[in-house]
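S.K.: These protein sequence lines map, in sequence, to chains D and X. Residues in the first sequence are numbered consecutively from 1, following full-length UniProt numbering. Residues in the second sequence are numbered consecutively from 1, following full-length UniProt numbering.
Treat the hints as calculated values from the structure; they're not laboratory data. Treat the hints with caution; some may be incorrect.
Which copy is meant is left open, so a pair is good if it fits within one copy or across any two.
Said to hold, decoys possible - List of simulated lysine to aspartate or glutamate pairs, DMTMM-like, C-alpha gap at most 20 Å:
#1 K275 <-> E605
#2 K307 <-> E224
#3 K426 <-> D400
#4 K341 <-> E292
#5 K426 <-> E670
#6 K426 <-> E457
#7 K426 <-> E672
#8 K275 <-> E19
#9 K341 <-> E318
#10 K467 <-> D511
Treat the numbers as computed from the prediction; the structure is a model and nothing was measured.
Protein chains: 2
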Amino acid sequence: MAEDRLLRVRTLLDAVRAEGRTALTAPEGKVIADAYGIAVPGEELAGDVDEAVACAARFGGPVVMKIVSPDIPHKTDAGGVVVGVEGASEVRAAFHRIVGNARAYDPRARIVGVQVQELLPPGQEVIVGAVTDPTFGKVVAFGLGGVLVEVLRDVTFRLAPVAADEALAMLDSIRAAEVLRGVRGAPPVDRWALAEQIRRVSQLVDEFPEIAEVDLNPVIATAEGAVAADIRVVLAESQPPPRRRYTRDEILTSMRRLMQPGSIAVIGASAESGKIGNSVMRNLVDGGFAGEIHPVNPRADDILGRKAYRSVTDVPGEVDVAVFAIPARFVAAALEEVGRKRIPNAVLIPSGFAETGEQGLQDELVAIAQRHGVRLLGPNIYGYYSTWQDLCATFCTPYDVKGGVALTSQSGGIGMAVLGFARTTKTGVSAIVGLGNKADLDEDDLLTWFGEDPHTECVAMHLEDLKDGRAFVAAARETIVKKPVVVLKAGRTAAGARAAGSHTGALAGDDAVYDDILRQAGVIRAPGLNEMLEYARGLPVLPTPRGENIVIITGAGGSGVLLSDAVSDNGLSLMEIPPDLDASFRAFIPPFGAAGNPVDITGGEPPSTYEATIRLGLEDPRIHALVLGYWHTIVTPPMVFAELTARVVAEFRERGIEKPVVASLAGDVEVEAACQYLYERGVVAYPYTTEKPVAVLGAKYRWARAAGLLGGRVMR
Amino acid sequence: MAEDRLLRVRTLLDAVRAEGRTALTAPEGKVIADAYGIAVPGEELAGDVDEAVACAARFGGPVVMKIVSPDIPHKTDAGGVVVGVEGASEVRAAFHRIVGNARAYDPRARIVGVQVQELLPPGQEVIVGAVTDPTFGKVVAFGLGGVLVEVLRDVTFRLAPVAADEALAMLDSIRAAEVLRGVRGAPPVDRWALAEQIRRVSQLVDEFPEIAEVDLNPVIATAEGAVAADIRVVLAESQPPPRRRYTRDEILTSMRRLMQPGSIAVIGASAESGKIGNSVMRNLVDGGFAGEIHPVNPRADDILGRKAYRSVTDVPGEVDVAVFAIPARFVAAALEEVGRKRIPNAVLIPSGFAETGEQGLQDELVAIAQRHGVRLLGPNIYGYYSTWQDLCATFCTPYDVKGGVALTSQSGGIGMAVLGFARTTKTGVSAIVGLGNKADLDEDDLLTWFGEDPHTECVAMHLEDLKDGRAFVAAARETIVKKPVVVLKAGRTAAGARAAGSHTGALAGDDAVYDDILRQAGVIRAPGLNEMLEYARGLPVLPTPRGENIVIITGAGGSGVLLSDAVSDNGLSLMEIPPDLDASFRAFIPPFGAAGNPVDITGGEPPSTYEATIRLGLEDPRIHALVLGYWHTIVTPPMVFAELTARVVAEFRERGIEKPVVASLAGDVEVEAACQYLYERGVVAYPYTTEKPVAVLGAKYRWARAAGLLGGRVMR
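Chain D on its own, in the form it takes in the complex:
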């Protein structure tokens, strides 16, 4: 059956190619639909007016008539469609009108005939399609049909092929999902039938990658089924060359030597202050790297007290990493030597390659590296940090706060912002890596490594593009079951400019596809640079929640309202407090305070009220996370609040009770020190904002859900 299907489509596509066409006609589309079991209305091709009358008579009821011409892709625009024609005289008139319109629209169009099609019953119009995304390859799309959705762009995307349950989940991923469940008396549509249309389209483009685009538009979904009123198939002009991929083992082997090296060579090491080769040497030494550091410089015997070598090939023993700090034009020759020395990693700090238009120079490096099995980091980067190795192979300055977050950036400027932010907030870091031009190593290689790295508890990546979206998704899926992955995707708004030949294509602006597919991969997308940094800082600090019940405890009613807004904005839910728990909270707070949720302990309360309510929140197993709203008073000064909160949280942690606790501190400047104190003790706390602490908690929840830790289905 599958073989028959493949053969039928293969034969058809070959025939189309043989005619030099890429757009399939409607009858050709029907052949494909039939082969894949995509439901379409009964239809026949009428070569002349009498055949049309006969066809219509065979179908019985009213019919739709459409021009068939390989030169008219958008039939409606050409006046080539008439709906609801019934009876011989109407069919005759419609035939002549359609053909006349088509001739007027494009006098040179080849007219094959008129398609006569059963008129579908009224139902919900939806669109099912597939496109070839430059980053992610075959992608399947679903949305409601009609001009309105085309205007509002309410559409969702997934990597093709999709399984049945994934296709079904797509129906709930559009903003107007409620419509499919039936609103104001309309019956719900047959969800399984609709999902099946999506699945089959995704299977089609997966099995025939040469199909660039498919549009079922509209599909009429009713309570009884889902039938595609029109199918449009477009073949690709050409296909991209396959990309070299490394196995997981290959990646881990070279990445381990990159991130945990025993021996590093610095090509272009220099004793002259102000030179990059000097900064790199100095940072390796000053950072306290315990392995071997070998300066390579043909014009020096000794640099910073270390013996210098004329060539990397002269360095004794195995070398894990060669850091390049020489001008672009000298890199290729040195890389040859690195290859001959069997060094597995070249870190290419120099710029002057693809980013300045020197693509050829960069391609040359890639060719040399592939020949020798050398992996390249960069070029055009600041270098990289591996803090647990005390390793700073950059031209910046060493960073010594060891911790759980690995940060990568495609851009050097963003890398510097990462460094400054980390330093000022004392963020615990496992690695900071510049990716630059990504001539070779990219985000999926790093993700693969960080997923395994026991020091890394969270990965945060700034990226402007992905070389291979599918490899990234695969690596992300492997990683996020173990640790959260935060992505800042820059360049969102450069999207949409891409030319598109189909409805689905027009809906698939770069960012719409990125957004859906990254979310499906379980990645936490940061809306901006500062959020990426704050998520990266906070996620390893917070324990993983065990459930969705969040309670706000606040000393300021006003903060409680804003914290509630933030909880809702971040897709979190305030626990409905059961009566017994409500009574327990009420026992601690003044009679005019509000229990419920937020629990408003009111402003003038002493430390004991904060402590008693926080204890209750941590103690009760039905509560899964706490959001604290502190109000600066003389009775409970900021540091008193911070100390009692940290103490209680630590006490419960020792008892094995770990819940995420975040806090918003409203008060005079003393709250800043209190926040830092709390943060260092595992409570994500911020002054002067109700949004940030809840946003970090929201990011933790998004990850926990994606990783399947909250009882739901794991994202795939």
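Chain D is already provided as a structure; the job is to place chain X on it using the hints.
M.R.: Here is chain X on its own, set in the frame of chain D:
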């Protein structure tokens, strides 16, 4: 004509009231539609089946038939509507079916007959309606019709009545506005006819405030006109009592004495540390207030070296403000004395009123105050600051950075966050005012004053509700032509729970109405607390832009991409750089740098390249604002960049060229000091974020547009 209209509707409504009804029948709705010139299809009421056949025959084409019963408001739900009936036998069958369905739906429903209505031509379904909002009163709504929009809630609101141009602007205020202009070959609708429907509905509810809700749903809009297929009118059960309003002069007179007092009495002043009456006295004295400060305390002769009085009536001379620092139960008696002393302002710090359920105690104060013409601030507040008077009438601590921003907060906790943020960022402040329970003075009184106050250049308000939305809008409109008004509206997500009897009502969640009407008032809505604070800090610092052309100059390509995203996210537009200007920029940057916009000067450039390009950006009159992206390098360290930028901006300012300049600094921690340096010199600069500087610029632009300073229409 107008009189005739008013008389006809008056007569009808009286008749409906006389029957004890609040819901009008369809024929009654038609009377109102005819009176206001709201286009509706031809229709007649058929009392029996023969009349129905005769009616249908008179209209000629196909008709719609609908049940008429005062007991069935939602006709479709009751199976009481049949569409497209044609010919005697079809009309007969439909009549019996409708009546049968209605009887089955509600056996006790009184059935008046069946309405026979011309079938409207196909067109775009829209909804036009009006509701009575608890905050804003009569509000008119417009959205696209159909289940989809009901699900997506794409609807826009305005205060009724609206003028014709305002009604027209509503058509562009929905997300799916494009649909009305005609998409994919559909003709555009008759916008004037549609706007006229909106205007007339708004006029109706304005002229008859007892009408609670109006629904024209759907209105069929075509290229030829807009006809309401159905009109539903519901009367209010009761009407709210009128609210006392003060004239602008009255408000300004009392507010001037509150904010610029010559003499202040502190009722409950105390020498005992830890008491609020002590903190207030101390802060007044320590803050340096130059006017008279009179402690009032029956058990002291002298407090902090000032003579104390047994009663405020004993204080010699005129007193402008009485600050209350006594328990709630003593306030009423003391307020009587304040009234007798003819003190125009009472600042009620005590809590224990409406917020703890003691509404009666609060009402008593309001009654006393109104009797004596005393305005009340509070109760339940921290007090207020008037920095240019060195006045700190609070239990917090004095604040001495004088500047242009006036901040108000409904909640004390938020007030403390305002104070701490201002202090740590050295924000220049003109006033900080707590509003608390708003028993009397509220946001519109304060706005009226701050609009006139020459020290105030920007007003920022945290609020949870408005007592009188229309008074606020009026004050905001007066103010925003002079200075920006930022609002943080808390409690957004408590919305939607309000019961609603109409489609429009269901769409009018509290926040949807707030959002549209605040925007129309020209107010800048801050999405969160931190944004409110940052806007308040930044808006007075930035000069007003003269046009929409924004240029990004960046040393880091990566920052340029993120800054471009931020520009787009904030509704700003990157200038299309003309060739001559492009050439001018290119003259300063390396050949592989990118001109265009962002202007990417590349990372390794010396200070002179930043300076030359910034100069060009300020010099060229076609550029209206600059967004700078700095990248920390050895060649151009952070403070060097900050100094050169501040120097160039100052130099141009002296030449009379003032353009907003904002900056994002990516780098190690030295960028923090550089940002503070820049901010103090008029360049809004932030470290580790590309979003914030652009968000502040975006807020400035939103204000400049609303104030009519950028060539567009002034918001009304």
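S.K.: Hint by hint, say whether it matches the structure.
M.R.: Now for the hints, and whether the structure bears them out:
1. K275 <-> E605: Classified as between: cross-chain Cα gap 15 Å, same-chain 59 Å, threshold 20 Å.
2. K307 <-> E224: Neither, since 80 Å and 88 Å both go past 20 Å.
3. K426 <-> D400: The answer is within: 9 Å in one copy meets 20 Å, while 31 Å across copies does not.
4. K341 <-> E292: Answer is within; shortest intra-copy Cα gap is 16 Å, inter-copy 86 Å.
5. K426 <-> E670: both (19 Å within a copy, 15 Å between copies)
6. K426 <-> E457: within (16 Å within a copy, 37 Å between copies)
7. K426 <-> E672: Answer is both; intra-copy 14 Å and inter-copy 15 Å each pass.
8. K275 <-> E19: neither (62 Å within a copy, 93 Å between copies)
9. K341 <-> E318: For K341 and E318, the Cα distance is within 20 Å only inside one copy (8 Å; across copies 93 Å).
10. K467 <-> D511: So K467 and D511 pass the 20 Å test inside one copy only (15 Å; across, 42 Å).
Comparing the model with each earlier hint shows violations of hints 2 and 8; every other hint is respected.
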